[in-house]
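Chemist: So you can see what is in the structure, the chains are spelled out below.
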Amino acid sequence: MAEAAAPQKPLPQPDEASEPFFTGAMEGRLMIMRCSACGVARIPSRAHCDNCLSPDFEWEEASGRGTVHTFGVMHQKYHPGFFDELPYNLAVIELEEGPRLSTNLVGVENSAIRVGMPVVVDFQRYDDVALPKFRPA
Amino acid sequence: MPHPMRGATAITGLGMTPMGRVYGKSATELAADAVRTAIADAGLAKGDIDGLLINPGITGFTGGGISLPLQNYLGMTNLRLLNHMNAAGSTAAQMVQYAALAINAGMARHVVCVFADLPLSEGKSAGGAYGGAARNPGRPQGMAGLAPAAGFFGANTGYALAAQRHMALYGTNHDQLGTIAVGQRKWAGMSPISQMRDPITMEDYHNSRWIIEPLHLLDCCLVSNGAIAVIVSSAEDAVNMPQPPVYIWGMGQGHPGDPARHGFDPETETGARIAAQTAYAMAGVGPEDVTQCQLYDCYTYTVLVTLEDYGFCKKGEGGAFVEDGKLGPGGALPTNTGGGELSGYYMWGMTPLSEAVIQGRGQGGQRQANNDVILCTGNGGMLSYHACLVLSPNRS
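Which chain is which? The protein sequence lines are A and B, in order.
Counting with the working numbering, you get residues 33 to 169 for the letters of the first sequence.
Counting with the working numbering, you get residues 402 to 797 for the letters of the second sequence.
So here's chain A without its partners, still in its complex pose:
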C-alpha cells in the first residue's frame, strides 16, 4: 500500500527556453542572459531584451555575487510544501551584473537579514533541478 506522499514544494520544470539556466544550475553556475545590442543583463528567459527589445543575446555565467535588495519573512500558510519551514525568509537579490532574482537566503538567521547585505549564490540541489539560493558573503 502506497504511503501518502509528503507535500512537495512546487519545483520548476525546466523548459526549452530556460534549459541553459537550469543546466548551469545543476553544474553550480548561475547563468544569465546579456543583450548583444545594449549590453543590459537579464534573468532568463525573455526572448527579447526588456531594455531595448533586441532579440540578440548571449548566455553568460554571473559572478554569483550580489546584495539583498529587499526581503521578508513568511508566516502565512499558502502552500503545504512550505508549512514545515514557517517562518521562512523571502529575498530579492540584486546581482552585481544588475538583474534581480526572487529567492531565499540560507545560512543566516531571519533576524540578521538586512537590506544591502552582500551575498553569494549557493545552489540547492533536488532530484532533477537545482535552485540558486544565496548566503551571506
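Treat the hints loosely; a few may be bogus.
[As the list claims (entries may be wrong)] Here are the computed distance ranges between Cβ atoms for each label pair:
1. A:V138 with B:A733: 43 to 51 Å
2. B:G664 with A:K109: 29 to 37 Å
3. A:Y158 with B:R610: 29 to 37 Å
4. A:A69 with B:R540: 30 to 38 Å
[Stated by the list, open to error] Here are the computed lysine-lysine pairs in the DSS-like style, where the Cα-Cα straight-line distance is at most 27 Å:
5. B:K525 with A:K41
6. B:K716 with B:K727
7. A:K109 with B:K525
8. A:K109 with A:K41
9. B:K715 with B:K727
10. A:K109 with A:K165
[Stated by the list, open to error] Not close to chain B: a few residues of chain A, all C-beta gaps over 10 Å, as computed:
11. G56
12. M58
13. G60
14. D88
15. W91
16. S95
17. G139
18. P150
19. D154
20. F155
21. A169
Source of the hints: derived by calculation from the structure; they are not laboratory data.
Yeah, the Cβ is synthetic: ideal placement off N, Cα and C, and Gly gets one too.
Since the structure of chain A is provided, determine the placement of chain B on it from the hints.
Modeler: Chain B in isolation, oriented as in the chain A frame:
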C-alpha cells in the same frame, strides 16, 4: 486657461450592494443590483444608459468574474460604448476616465462603470483567493517557477517586500504604519457600511499576527464580496439630475511596470508620480490644494508611499508625515474617511471612488470632511498600475 476637461463631466450616480461575507448571489447578479441602484440614484431609466464599462475583481483571473455578458443580463440594447477592463486596482478610476473622455467627445451620454467581485466562499479563508501560484497544482514551467519554488505567494509578498525596502532606505517604522491602520479604523467606526467598526489601538496593531514580515494582519486590507457602480454624465446633464454632482477636475495614470534590475526602485517609487503630474495639471491644483484623500490602501504602506508620490511630502518622509495622525478624524488631511480597504470594504478601486462620491456630495454624515478638492486614487499589481481622479462638488 483652464483645461477643457476640468469640470466638463461629473459622477451622477452611485449604487452599492451589501459588501463583505455576502453569499447567495453570483458576481453578475451583484453587478446588476449595483447598476440598478446607481441608475435609480441618478434619476435615470435603463434606456438612458448608453455606455457600460465592466471591471471584475480577482474573479476576473480566478473564474466567475463579470464580463461582457453582463450587457445582455442587464438587457442593455442601445449601448454606444462597451468594454471589459482590468488594470487591477487602478481600473475603477480608469473606467471613469474613459467614460469622461467618451462623453466629452460625444460618443456617449450616461456611462455606467461597474465593479463586482466574489472572492469569498462560505467556510473558506479570506486570503485563499489571493494566494496566486499557491493555487496551482503541479510543477510550474521554466523560470516562472523560481518564485513559487522560493515560497513567494500572493499579493502580500510583494507589498511586504516593498514596505521592507522603504523601511530600510528611509527608516519608516511600524508605529508610523500602525498610525494609518488605527486612524482608518476610527473613520470606519463612523461609517454604517464599513465592515470593521470596532476601534483598534496601537497595541492591537503591534500584537496582530504577522502575515509576512514586516506586514502585520492589521497592515492588510479586507477581502470582500459585493459590487459598486457609478454613473458618469456631462456637467450640463449633471446639474439637472437629482444628486449633487461630483465634478471631475482632473485625471491621470502612471504605469511604471516592475523593472527587476539595477537602477529602478518600483518598491518605493510608484506610478502615482506620473499620474500626479497629469491630474494636477488638468485640475489646476497641487497637493497644497487637496482637502481630503481617498487613497487605494491595499496595505498601510500603499497609503504612505502614495502620499509621497503625490507630493504631500518628500520621498522617504511619508512615515514622519503620517505619524501625527493627520490622516485620521480631526487631522489636517482627512484620508480614507470610510475606513478604506483596511477597515471599510475591499472593492478594489471602487472603495476610494465610492467614498469620494459620498464625500463629494456632502453625504458623509458624522465623517464628512472638507470636500473642496478630493484626490481619489487607484493602485494595482505590485504598485505597477496607477490611476487617479481629482474631484470636487464645485464645477469651477
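Chemist: Hint by hint, say whether it matches the structure.
Modeler: Verification of the hints:
The hint said 43 to 51 Å for the Cβ distance between V138 (chain A) and A733 (chain B), and at roughly 47 Å that hint holds. Our hint of 29 to 37 Å for G664 (chain B) and K109 (chain A) holds, since their Cβ atoms are close to 36 Å apart. Taking the beta carbon of each, Y158 (chain A) and R610 (chain B) are about 31 Å apart, inside 29 to 37 Å as hinted. Distance hint check: the CB atoms of A69 (chain A) and R540 (chain B) are about 33 Å apart, consistent with the given range 30 to 38 Å.
A distance of roughly 23 Å separates the Cα atoms of K525 (chain B) and K41 (chain A); the hinted pair therefore holds under the 27 Å criterion. This hinted pair checks out: K716 (chain B) and K727 (chain B) have alpha carbons roughly 18 Å apart, not beyond 27 Å. A threshold of 27 Å between alpha carbons decides the hint, and for K109 (chain A) with K525 (chain B) the separation of about 13 Å falls inside it, so the pair holds. Our distance criterion of 27 Å between C-alpha atoms is met by K109 (chain A) and K41 (chain A), whose separation comes to about 13 Å.
About 16 Å separates the Cα atoms of K715 (chain B) and K727 (chain B), which keeps this hinted pair within 27 Å; it holds. Simply put, K109 (chain A) and K165 (chain A) have alpha-carbon atoms about 21 Å apart, close enough for the 27 Å limit, and the pair holds. No beta-carbon of chain B comes within 10 Å of the beta-carbon of G56 (chain A); the shortest separation is about 13 Å. For M58 (chain A), the requirement that its beta carbon stay farther than 10 Å from each beta carbon of chain B is met, with the minimum near 15 Å.
In this structure G60 (chain A) is separated from chain B by more than 10 Å, as the shortest Cβ-Cβ distance comes to about 17 Å. At roughly 18 Å, the least C-beta separation between D88 (chain A) and chain B is larger than 10 Å, which holds for a residue marked as non-interface. W91 (chain A), annotated as away from the interface, keeps every beta carbon of chain B farther than 10 Å; the closest lies near 13 Å. Taking the minimum C-beta to C-beta distance to chain B, about 14 Å, the non-interface status of S95 (chain A) holds against the 10 Å cut.
The claim that G139 (chain A) is not at the interface with chain B holds, since no C-beta of that chain comes within 10 Å of its own (minimum 15 Å). Listed as outside the interface, P150 (chain A) is consistent with that label: its C-beta sits roughly 15 Å from the nearest C-beta of chain B, beyond the 10 Å cut-off. In this structure D154 (chain A) is separated from chain B by more than 10 Å, as the shortest Cβ-Cβ distance comes to about 13 Å. Chain B leaves F155 (chain A) outside its interface by the beta-carbon criterion, the shortest separation being 13 Å against a cut-off of 10 Å.
Separation of A169 (chain A) from chain B is adequate, the least Cβ-Cβ distance of about 17 Å exceeding the 10 Å criterion.
Of the numbered hints given earlier, the model fails none.
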